[in-house]
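*Asks:* Below, each chain spelled out in residue letters.
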Amino acid sequence: MRITANHLIDLATTATQKAQQQVADATEVASSGLSVAVPSDDVTAWVSAARDRARQALSSGGGAAIATGLDKLEQTDGALSSLASIVSNAKQIAIQGASQTLTGVDRTNLAAEASSLFEGALSAVNAQAPDGTYLLAGSQSGQPPFSATGVYQGDSDDDQVAMTDGSHRTVGLSGDVLTASHGVDVLQSISQLGSALSSNDPVAVQTAIGSLTTAITQLSAARAQGGAAQAALNSADTSRKQLETQLDSTASDLVQADAVGAASKLAQATQGLQISQAVSAKVIASLSSNS
Amino acid sequence: MSDLMSLLSLGSNAISASNSGVAVATNNVANANTAGYSREVLELDALQPSPLVGGVKAGATTRTADDLLSARIRSSAGNLASMQTQSDGLSDLEQTLSASPLSDQMSTLFSALNQVAASPNDKTSRDAVVSALQSTVTSIHSAASAVATAQTDADQQVGTLAAQANSLAQQLARANTAAQNGDPTALDQRDQLATQLSKLVGGQATTDSSGQMRFVLDGGAVLVDGQTASTMSTKTDAATGLTDVLVSTGTGQRDVTSQIGGGQLGGALSVRAQTVAIAGQYDQLAFDLASHMNSIASANAAPDGTTGHDIFTAPTGVAGAAASLEVDPALAASSDNLATASPGTGPGDSGGALALYGLSTSTVASGGTRSLSDASLDILAGLGETTANAKASAQTDQTVDSHLSDLRDSVSGVDVNEEQANLSRFESSVTALTRFVSTIDTMMTNLVENL
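Heads up: the sequence lines are chains A and B, in that order. Here the first sequence is numbered in my numbering, starting from 1 and rising by one per residue. Here the second sequence is numbered in my numbering, starting from 1 and rising by one per residue.
The set of hints was computed from the structure by calculation and includes no laboratory data. Treat the hints with care, since some could be wrong.
What the hints assert, rightly or not - Mimicking DSBU-like on lysine-lysine, the simulated pairs with C-alpha atoms at most 35 Å apart in a straight line are:
#1 B/123 - A/265
#2 A/18 - B/391
#3 B/235 - B/391
#4 A/282 - A/18
#5 A/282 - B/391
#6 A/241 - B/123
#7 A/282 - A/265
#8 A/265 - A/18
As the list claims (entries may be wrong) - Every beta carbon over 10 Å from chain B, so not counted as near; a handful from chain A, in silico:
#9 1
#10 7
#11 31
#12 89
#13 108
#14 141
#15 147
#16 157
#17 181
#18 209
#19 230
#20 232
#21 239
#22 265
#23 266
#24 282
Note that the Cβ used here is the ideal one computed from N, Cα and C, for glycine as well.
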């Protein structure tokens, strides 16, 4: 093969251009920190990383929803806790009121206490979240769930949020758990106690003790249900965080450049360019001296 | 005496031949850096002794070129130009579309819907959904716009390249005429023009037995036939709005749009076809997104219990769905029109929001085989695959082109050192021959004086 002077110069020029391109590529990787910047760099890696990022964002959004749900469950538990305390007090009053030694005046005084407890209970079950919605109203969250007489006006709808795996978790309890469908009507039990005391009816007071005892058990069950929902949410949140960490790590492994490796490649490319430039200079000098 | 005259004639012819050698070598050196120049070699013809004195004379000046190699160079140039055009055009589009993938925006939207599910009456959360919907629409518009711009650029490039091809075809026909008339520079010029034309429109050039070059496009349409150049023209396709490429024939015009694959024109047509396909994919995605979200939303209820609310303006069809996608005006005006509750429930129900959130994983796109997010990534994966193939092919073609260029240089390139050696050789011959002629002249003078 004949090798012309022009061919030698072309070879030197091409080699230098390639070396420059390698330096440019290595610089881009080192400065951006990405070994896969666009899909065509590595389609599988880029798409997998993009999918992981999307799942991570979705999971992170789920985290905000979980936090909102946990707040709501805690507020609901606070309301139920207050109610449980009130019902316990009501039961104490009922036990006192059931005593055969009490006079009608005594029971009237206790009735006033029971009435006061009823008002407190009503206030507790009509508690509102910071956004103004009623915690125990089910889906009818725009209006107080319990009427002034303690009748439940909400429904059995429980709020839910979605997890990234498509499953749903409960983030609220409806006041339905305080109605007869779950045992006794809690507020009516307090109200009935008040009526029994007012009418000086020890037998009715005795009956109210049974209702209030059931109400306490019912409230414990409701709080346990709320606690289980909280535990489920906390567990889901922990899993979510682990998933996000894993997705972040996987996505990084797929598209991010190893800093040391990138710096090393840049150094190699730079050295290659220097050598190429030196060789080119020698070729040109050699050809010049010949002519 | 007659022998001395023969020797004198021999010397004279030899000096003339050597001078021709000097001229050829000088011309080669002068054109050492002329693009497409093929070095010339002087043939020296030995003269038969008659009976004793022979000699030499300058023969033909031969152009050192390999026609088969030239054909391979043209073919390679067409492939390389096509792949580079595809690589450049698709890389730009890929860069734009992958900078902010639609899948990220969709995650934001579905996260906002999940947040509403947790707190359906929260105004801030509901407004965040509307805001995320607006951002999603903006992202889809941006993607559709980027694809449309790439399509327009490629389409305009088709028109420009066709006009340039016409100019080159006419020059090639003129070079054929010049070559027919014996112009020694016409052959190199013709090779150069044919290579440039291959880079522009692909195709192949062949030389017939009469030495005339014929340039045929992919698909068989003749662009240059000897001294006649056909006209390449363009027209806008009424159905697609895209530019079609036509070549004049003896009886009319032939549509060659679908046949051209090589050269920058083939590359531009390929990029354009890709953008048409990608635009269709974004239209389908926007249509699927709007249809399914509307379907779910209209079946659920807003906080006031009313049903029939849409999320997006109902798409009239798949074509153009991406560019025309808009958030439903009523929803854009008030997030109270977001159907977050199941029908028949109160405002605190999140059944509607959860159903909308379900679209984050439901396989409702690409004919019911992919989720919306995955479908958006599939578009970029397809584009990335095509771009990567174009880049790889361009690199391979570059290597082949470079190798063929080296081979051509080896056959036809001028080596200055070699030509310097030739110059020295011929100069030495002239010097020696001048002395030889001088000696013969002296001998003849002596002979005449002694008569």
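*Asks:* Could you check that no beta carbon of chain B comes within 10 Å of the beta carbon of residue 230 of chain A?
*Replies:* holds, 14 Å
*Asks:* Per the stated criterion, does the least C-beta distance between residue 239 of chain A and chain B lie above 10 Å, as a non-interface residue requires?
*Replies:* Consistent with the label, residue 239 of chain A stays out of reach of chain B, its closest Cβ about 15 Å off (over 10 Å).
*Asks:* Please settle this one: residue 266 of chain A was flagged as non-interface, so is its CB more than 10 Å from every CB on chain B?
*Replies:* Correct as stated: the minimum Cβ-Cβ distance to chain B is 21 Å, above 10 Å.
*Asks:* With a cut-off of 35 Å on the C-alpha distance, tell me whether residue 18 of chain A and residue 391 of chain B pass.
*Replies:* holds, 15 Å
*Asks:* Would residue 232 of chain A pass as off the interface with chain B, using Cβ distances and a cut of 10 Å?
*Replies:* The assertion about residue 232 of chain A holds, with a minimum of 14 Å to chain B.
*Asks:* Mind checking the alpha carbons of residue 235 of chain B and residue 391 of chain B for me, to see if they're no more than 35 Å apart?
*Replies:* Holds, at about 30 Å.
*Asks:* Does the claim that residue 147 of chain A lies outside the interface with chain B hold up, using a Cβ gap greater than 10 Å?
*Replies:* holds, 16 Å
*Asks:* Given the hinted pair residue 282 of chain A and residue 265 of chain A, is their Cα-Cα distance within 35 Å?
*Replies:* holds, 26 Å
*Asks:* Assess, step by step, whether the Cα of residue 282 of chain A is no farther than 35 Å from the Cα of residue 18 of chain A, and give holds or violated.
*Replies:* This hinted pair holds, its Cα atoms lying about 18 Å apart.
*Asks:* Does the claim that residue 181 of chain A lies outside the interface with chain B hold up, using a Cβ gap greater than 10 Å?
*Replies:* holds, 18 Å
*Asks:* Would the non-interface assignment of residue 108 of chain A survive a Cβ cutoff of 10 Å against chain B?
*Replies:* holds, 40 Å
*Asks:* Does residue 18 of chain A lie within 35 Å of residue 265 of chain A when you go C-alpha to C-alpha?
*Replies:* With Cα atoms ~15 Å apart, residue 265 of chain A and residue 18 of chain A stay inside 35 Å; holds.
Of the numbered hints given earlier, the model fails hints 1, 9, 10, 14 and 16; all others are met.
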